[in-house]
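Please construct the entire structure, taking both the sequences and the accompanying hints into account.
2 protein chains.
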Amino acid sequence: MTYCLGILTHSGLVMAADSRSNAGVDYISTQQKLFDLSLPGDRVIVICTSGNLSVTQSTMALVRRDIKIQAEVNIHNIPTMHEVVRYLGAKLRYVLAQDQEWLRRDGIDAGCNFLVGGQVRGDDEPSLHLVYPQGNAIQASKETPFLQIGEAKYGKPILDRVLTMQTPIEDAAKCALLSIDSTMKSNISVGPPINLILYRGGTLKIEHHLSLKRNSTYLAKLRQEWEQELKVAFDRVSPIEWDVWEQD
Amino acid sequence: MTYCLGILTHSGLVMAADSRSNAGVDYISTQQKLFDLSLPGDRVIVICTSGNLSVTQSTMALVRRDIKIQAEVNIHNIPTMHEVVRYLGAKLRYVLAQDQEWLRRDGIDAGCNFLVGGQVRGDDEPSLHLVYPQGNAIQASKETPFLQIGEAKYGKPILDRVLTMQTPIEDAAKCALLSIDSTMKSNISVGPPINLILYRGGTLKIEHHLSLKRNSTYLAKLRQEWEQELKVAFDRVSPIEWDVWEQD
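Chains A and B, in that order, are what the protein sequence lines are. Under our numbering, the first residue of the first sequence is numbered 117, with each subsequent residue one higher. Under our numbering, the first residue of the second sequence is numbered 117, with each subsequent residue one higher.
What the hints contain is simulated information worked out from the structure, not anything from laboratory work. Don't take each hint at face value.
Same chains, same label: a pair holds when it works inside one copy or across any pair of copies.
[Said to hold, decoys possible] Straight-line Cα separation of at most 25 Å, SDA-like style, residue types lysine to any residue; simulated pairs: (1) K184 - I194; (2) K347 - T319; (3) K321 - H192; (4) K258 - R237; (5) K184 - Q173; (6) K337 - R180; (7) K329 - R339; (8) K301 - K347; (9) K321 - R220; (10) K329 - G251.
Here's what the structure looks like:
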C-alpha cells in the first residue's frame, strides 16, 4: 500500500508520502512516490502517486520525457495548475488505453491516484488536486484543507482534529508526519522513507524537502514524543462517570 | 456502516458499538448492534454485529428463539465460550444457506461479522471472539487485546497507542468511547447511540451498561475534552528542525 497526503492552508502547501511498495507480504520494496517537478522561480509542481506501480511509473515517465525533449506542451510550460492537472490526467489515460484491458483480463487492478500540488507563476495562490483513476480530478477547497490517497483512514483522525486553513504551514508539516506515522503504526504495508515538501505560497520555490529514513533519529523521536503526549492527553480526559452517565 | 469493538484486558472485558444503519446516504436509520444475552450469576455473553443487517438480524432471531423455547442447545446452557462461538457460527451458516445464493444473484453482499465476548461459569477468565462471514472464528490473545468489526480503521490508531493487557478496565472503556468518537468524526456512516458494556472478569455479571444518545451531554463533553487535549499534545510535540533533519 501507499499513503500520500497534501495539505493546503492559507500560508502554503505541504505534500508527503511514504515509500513502501508491496506485491504481497513477501515482496516488499522501496519506491519513491513523491516527485518534485518544479522550475524554481517559475513554478512549483509536486506529484504524489498511489496504486498500480506500473501505471504510475509509466505515466510519470511520459511526463518527464515531455520535459526532457521540451515537448510543445510539457509541465514546465503549461500556463496554469488547472491545465497541469488535465495534462497529467491525459497522460494517465494514454497509459490506461494501452495497458488496462490486459490487466483486467487477469483480474489486476490498474487503478491509481495522483496528488498534484503547486503554483505556476500567475496563479494567485497554490492549489492542490487529486487525479482519479479515470483521469478526472478534484481540487482541495477551504472546507477541505487536505486530500489523501492510498491507505488514508488510519491517518485521517489527526488531520480532522488538528487542521484548518489557518494552521501555520510548519504545523501542517508536523501534522502530516504524525498522520503518516499513525498509518505506519497501524498498517505494516506503509513504511519509510517518508518524503515531505513544504512550500510557502507565492515564493515559487520549495522551502524544505525532508527525507526521513527508516532509522532516522528524528522519526523515532517524533513517534516517541507523540505516543507519550497522546497518553498524557488520554489520561487527562475525564473518566466515565458511570452513576451519572447511565442515567442519561 | 458500523463500528464495533471488544477489548480484553487482565481485569475484564469492554464491548461497544455504534447504532447507525444505512442503505445508501438517503436511508439512514438506527439499529441496535450490541446484544446482552447474559444470565447474571451464571454467564455473561455479549454479541456485537456488523454487515448485512438481514443476515445478522435473522441470526440473532434464531439465537433468541432457542433461548425462549429453551431448546436443548441454547446460549444459556452451552457449557463454554468456545462452544457458544461455534453455536453462533452454526446459526449464521443456517441463515446463509437459505439467503446467500439469492443475494449473490443480485450482487448483494451477505457478509457479516460478530464479536462475541463473555465468560461462562467454569471458564477461567473472560474471552473475546470474532466470528467471520463464513462462520469460523478467531479469539483475542495477549498479543492482541482488542478486536474490531465494521469500519475499523479510523478508530485503530488510539487503540494501538493506548491499550495493553495491563490497561485498567475503566481506562479501556474510555479508550473504546474515544475510538468510536474518532470514527464518528471521520466517517458519517457511523453514529450514535453508542452502547458500551463493562464486565469485570470473574463476576459473571455485567457491571455497567452505557447508552449514549446523539444529544448526550457526556458524549459532547468527552469529544470536546479529547479534541482539546489532542491539540495540546500536538503542540507539545517538538517542531520539525529543518536545518538538522534535512541533513539526516
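A quick look at each hint next to the structure:
Taking the shortest Cα distances, K184 and I194 sit within 25 Å of each other inside one copy (14 Å), while across copies they are farther apart (73 Å). When the C-alpha separation of K347 and T319 is checked against a cutoff of 25 Å, the pair qualifies neither within a copy, at 39 Å, nor between copies, at 29 Å. In this assembly of identical chains, K321 and H192 lie within 25 Å of each other by CA distance solely inside one copy; the values are 14 Å within and 70 Å between copies. For the identical chains of this complex, K258 and R237 are intra-copy neighbours only, at 21 Å inside a copy versus 57 Å across copies, given an alpha-carbon limit of 25 Å.
In this assembly of identical chains, the alpha carbons of K184 and Q173 lie at most 25 Å apart only when taken from the same copy (16 Å versus 62 Å across copies). For the homomeric pair K337 and R180, neither the shortest alpha-carbon distance inside one copy (36 Å) nor that between copies (52 Å) is at most 25 Å. Proximity of K329 and R339 under a CA criterion of 25 Å is satisfied intra-copy only: 13 Å inside one chain copy versus 35 Å between copies. With identical chains, the CA atoms of K301 and K347 are at most 25 Å apart both within one copy (15 Å) and between copies (20 Å).
In this homomeric assembly, K321 and R220 never come within 25 Å of each other (Cα to Cα): the closest approach is 41 Å inside a single copy and 54 Å across copies. Taking the shortest alpha-carbon separations for K329 and G251, neither the intra-copy value of 32 Å nor the inter-copy value of 43 Å comes in at or below 25 Å.
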